[in-house]
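Trainee: Sequence:
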Amino acid sequence: MFFSIPFVSSGKVQFPVGPDMKKWVVISIISFFSAGCQLYQDIPAISYTTSQGMVKGGQICFFLDYQVYFPASGVARFPDGGIPDYAVEKIFLLSYNQTSERLSVIQEINPVKYMLTNVKFFHVDSHEGRFFLSLLYSSEGRHELHRGIFRLDNTGLNFIASGRAAKISPAGQMAYLKEGKVYLRNSDEPLFDHPPIHRFSWQDEKTLLLKPRSGKSDSLLQYTIDDQKLKSAEEKSADLWPETASISETRSYFDGVFYPPSAGLPDPFRFFNSDSDRLFQILIAEEKNQNLKNAILGKIIFENRTGRLKSIEARTKDEYVKEVIRCYRAKKMYEVPVN
Numbered sequence: 001m002f003f004s005i006p007f008v009s010s011g012k013v014q015f016p017v018g019p020d021m022k023k024w025v026v027i028s029i030i031s032f033f034s035a036g037c038q039l040y041q042d043i044p045a046i047s048y049t050t051s052q053g054m055v056k057g058g059q060i061c062f063f064l065d066y067q068v069y070f071p072a073s074g075v076a077r078f079p080d081g082g083i084p085d086y087a088v089e090k091i092f093l094l095s096y097n098q099t100s101e102r103l104s105v106i107q108e109i110n111p112v113k114y115m116l117t118n119v120k121f122f123h124v125d126s127h128e129g130r131f132f133l134s135l136l137y138s139s140e141g142r143h144e145l146h147r148g149i150f151r152l153d154n155t156g157l158n159f160i161a162s163g164r165a166a167k168i169s170p171a172g173q174m175a176y177l178k179e180g181k182v183y184l185r186n187s188d189e190p191l192f193d194h195p196p197i198h199r200f201s202w203q204d205e206k207t208l209l210l211k212p213r214s215g216k217s218d219s220l221l222q223y224t225i226d227d228q229k230l231k232s233a234e235e236k237s238a239d240l241w242p243e244t245a246s247i248s249e250t251r252s253y254f255d256g257v258f259y260p261p262s263a264g265l266p267d268p269f270r271f272f273n274s275d276s277d278r279l280f281q282i283l284i285a286e287e288k289n290q291n292l293k294n295a296i297l298g299k300i301i302f303e304n305r306t307g308r309l310k311s312i313e314a315r316t317k318d319e320y321v322k323e324v325i326r327c328y329r330a331k332k333m334y335e336v337p338v339n
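All letters in the sequence shown, in the order written, are residues 1 to 339 by the numbering used here.
No incorrect hints appear here.
Cβ-Cβ distance ranges computed for the label pairs, FRET-style: (1) 327 x 244: 23 to 29 Å; (2) 307 x 199: 47 to 53 Å; (3) 330 x 138: 41 to 47 Å; (4) 187 x 153: 18 to 24 Å; (5) 228 x 113: 32 to 38 Å.
The set of hints was computed from the structure by calculation and includes no laboratory data.
No experiment lies behind these values; they were computed from the predicted model shown.
All C-beta atoms, glycine included, are put in the ideal place defined by N, C-alpha and C.
Generate the whole structure from the sequences, applying the supplied hints.
Mentor: Okay, here's the thing in structure tokens:
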């Protein structure tokens, strides 16, 4: 007979010894898992983390860190919440059309030699259909973080220079920041040594508009490439800066009804039992899994099964789901496939 629990003899708790001890450990482990222990939840969570957006020609380009994962469950949550099981963990460059209000994937960022981290610090600029990315990364097998500028094309990421905040002039000239100094592409020397610069932009093909790290909040400088002169800008207005979309704005594109495959993102429903009855039960439950519920509602609308929304609204205990359905009806939000 195998022992699966300690036994009591003469008022004392005793454990099996010798060969019986090994049998007890094995049987105890099997019994533990066969008792229904789950290391991960069976319903995934969805996470969207975005960067600031570049606004050009009615398009807003930005980075998205897209994750579909199963949170740790039971003993796997010990001691600090556990490590999720990731089904999808990818970074994309996306475009948001301000007219149609549609999202679409431009390209997945899939570096071979680099590990990318924290898209909130990423920056993108473009010129004539080419994209230039400023990324926070570490080299393969190393932990030190670096800021680098890359060109994105069909082959992936191509390293250009160490630095950040690359900006492309109307004529195609690249300038970027490195340790508070402004450099032009293919130049080893900065344009000037002082003062250190916080941010900059191209005012025209030959002129840079610069914001020093110190000084008044509205103080701006100008640098002309041809005569290599630095002077105070005549105008002191934030309106001189090119339009950008904040992180909170780009993140808001994923609020409400949103079906990830409609934008070209991986389908979260491939990774778990997602028949219609199961999804219906998730929507009427009280548990807070808002991004997944948004995706389920988006899937229902995308598949033209909007008649079921009335039943969901009547039966759900989740006030958030009711509000999202009401917003959908008011705004007629509808995601369509990307051509």
